[in-house]
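**Q** Sequence:
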Amino acid sequence: MDRKINAKIQSTKFPLLLLNQKHKKMKALFTILLCLSLSLVFFTHMTYAQTLPEMILVEGGTFQMGDEWGLGDEDELVHEVTLRSFSISKTEVTVGQYKRYCSESGVRMPNPPNWGWIDSHPMVNVSWFDAVNYADWLSEKTGKLYRLPTEAEWEYAARGGKHSAGYKYSGGQSLPLVGWFGDNADGKTHPVAQKRANEPGIYDMSGNVWEWCSDWYGDYPSSAVSNPRGPSSGSDRVLRGGSWDGSAVYCRVSDRLYYDPSGRDGSGGFRVVLSQ
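Count along the sequence shown from 1, then add 1; that gives the number in the numbering used here.
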């Protein structure tokens, strides 16, 4: 009788033992899956963060906008501008950053330049509309308001903002030290942030690629203005900064260019700003 009772007890414990072992295996599997999921989320976040433009704060202030050196055209009339603070991307938007946008939004990359797509180079062959769409995508992704800089914001940042030393080019008086242009670029763009930064730590605002601004092109006002956004309408949008295929005069912080907003060119790119 005792042997039968003992056997019955053992037979009852065996399923419980199996259930306990199965529970341990499921718990271990769940732990592994959780770790993998967290690793994937972390990796995705890091990869995404690496494709976001790094931003530099430009404190608001008042400056003289226009050609103070007498080297420009009539459209560079000197006038006083006051701006509120904003942040601007440390470099021009790169090929790598734009690729991420295209991959996630289903937008096709434009035709490559002669030297091909290199992730560390500034993005080119983008229209004004392409640049605006990229900024809108960034805004949707981050919940922050990204946009193109106004022409006044662009020049203020290029000059160095409140820390400006009054240089003709962004970051210095010697263009070869601060930018890529026709005399040193060897007929192509170069990786961003290879030359000397300007006073706030912003790169390539003189040379490498022309940069789209939000404004329509038009005459400057003759009196002082605050936070100007340019004309209310027009046919061409403003580009600033000069490029790898141009002369030094176009790389001055006050120089202006205008172009069809639907046009694309191998010397044209952009950077973005964040409203404060």
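It should be emphasised that the hints constitute simulated quantities derived from the structure, not laboratory data. No experiment lies behind these values; they were computed from the predicted model shown. Note that the Cβ used here is the ideal one computed from N, Cα and C, for glycine as well. Keep in mind that a hint or two might mislead.
Subject to a maximum C-alpha distance of 35 angstroms in a straight line, what follows is the list of computed DSBU-like cross-link-like pairs (lysine-lysine) [said to hold, decoys possible]:
hint, residue 1, residue 2
1, Lys189, Lys91
2, Lys189, Lys163
3, Lys100, Lys163
4, Lys142, Lys189
5, Lys100, Lys145
6, Lys142, Lys91
7, Lys163, Lys145
8, Lys163, Lys91
9, Lys142, Lys100
10, Lys163, Lys142
11, Lys145, Lys91
12, Lys145, Lys189
What follows is a set of in silico ranges between Cβ atoms, one per label pair, in the way DEER data are often shown [what the hints assert, rightly or not]:
hint, residue 1, residue 2, range
13, Asn228, Ile119, 32 to 38 angstroms
14, Met110, Pro232, 17 to 23 angstroms
15, Ser140, Arg85, 30 to 36 angstroms
16, Arg85, Ser236, 24 to 30 angstroms
**Q** Hint compliance check: list the failing hint numbers for this structure, sorted ascending.
**A** 14, 15
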